[in-house]
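Taking the hints into account, I'd like the entire structure generated from these sequences.
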Amino acid sequence: EVKLLESGGGLVQPGGSLRLSCAASGFTFTDFYMSWIRQPPGKAPEWLGVIRNKANGYTTEYNPSVKGRFTISRDNTQNILYLQMNTLRAEDTAIYYCARGATVAPGGYWGQGVMVTVSS
Amino acid sequence: DIQMTQSPSSLPASLGDRVTITCRASQDIGNYLRWFQQKPGKSPRLMIYGATNLAAGVPSRFSGSRSGSDYSLTISSLESEDMADYYCLQSKESPFTFGSGTKLEIK
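Those protein sequence lines, which keep their order, are chains U and X.
All residue numbers in the first sequence are consecutive under the working numbering, ending with 120.
All residue numbers in the second sequence are consecutive under the working numbering, ending with 227.
These are calculated hints, taken from the structure and not from any lab test.
Take these hints with a grain of salt, some might be off.
Claimed, not checked - No farther apart than 30 angstroms at their CA atoms in a straight line, the calculated lysine-lysine pairs in the DSSO-like style are these: (1) K3/U to K212/X; (2) K3/U to K159/X; (3) K223/X to K43/U; (4) K162/X to K3/U.
Owing to the predicted nature of the structure, the values given are computational and were not obtained by experimental measurement.
Written out as structure tokens, the structure is:
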């Protein structure tokens, strides 16, 4: 059974940093693209970025709205996806989801989401 | 960025109704269009990919279509479990962009 479990969320002050994790199981992690998507409360989702699979060199793409502040990485030995978030702002407050895809787009498997609140 | 204009934002409907939600792309996205369903407190669920392909496990009353730059999600006969928010997503060009959403609710 495919499972994606995010962790690492919480309350952080503006300007602070946070690293989210997404533990994957039930599939060959290196075969799949992995994405991060966030959703502010009551609003539409926003695609943050993707890290490609082994066959595509684990390269990354980012939404310009977070490029330079957010970094996506993966540990292919422990099957964990990461989202390092720096210089956080109030507008980064959202539920953050990881998702698996057979292509660059998020597909049929998403994690349950983790809440990040940026506030003083 | 490619803009996805989704309509309507809210759609009151009755059980058994045929309903259609539409997204219009600001640029050519081919068939790189997905539809997601999201229920309160839950993660989005993939319903349609490639504009017209039903994702695994999705009931056959759901269908996707394309007419030029307009993409539609249709539910042929609304059931209570279909009440949710629906979002389109284009994945033709980074940054991938979602529509603003449609809240499907009981009339």
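Checked hints:
Only pairs whose Cα atoms come within 30 angstroms are accepted, and K3/U paired with K212/X is accepted, the gap being roughly 27 angstroms. Between K3/U and K159/X, the direct Cα distance comes to roughly 19 angstroms. Compliance with the 30 angstroms bound is thereby established for this hinted pair. Proposed proximity of K223/X and K43/U is supported: the alpha carbons are some 11 angstroms apart, at most 30 angstroms. Restraint check: the Cα-Cα separation between K162/X and K3/U comes to about 15 angstroms, which is no more than 30 angstroms; the hinted pair holds.
Comparing the model with each earlier hint shows no violations; every hint is respected.
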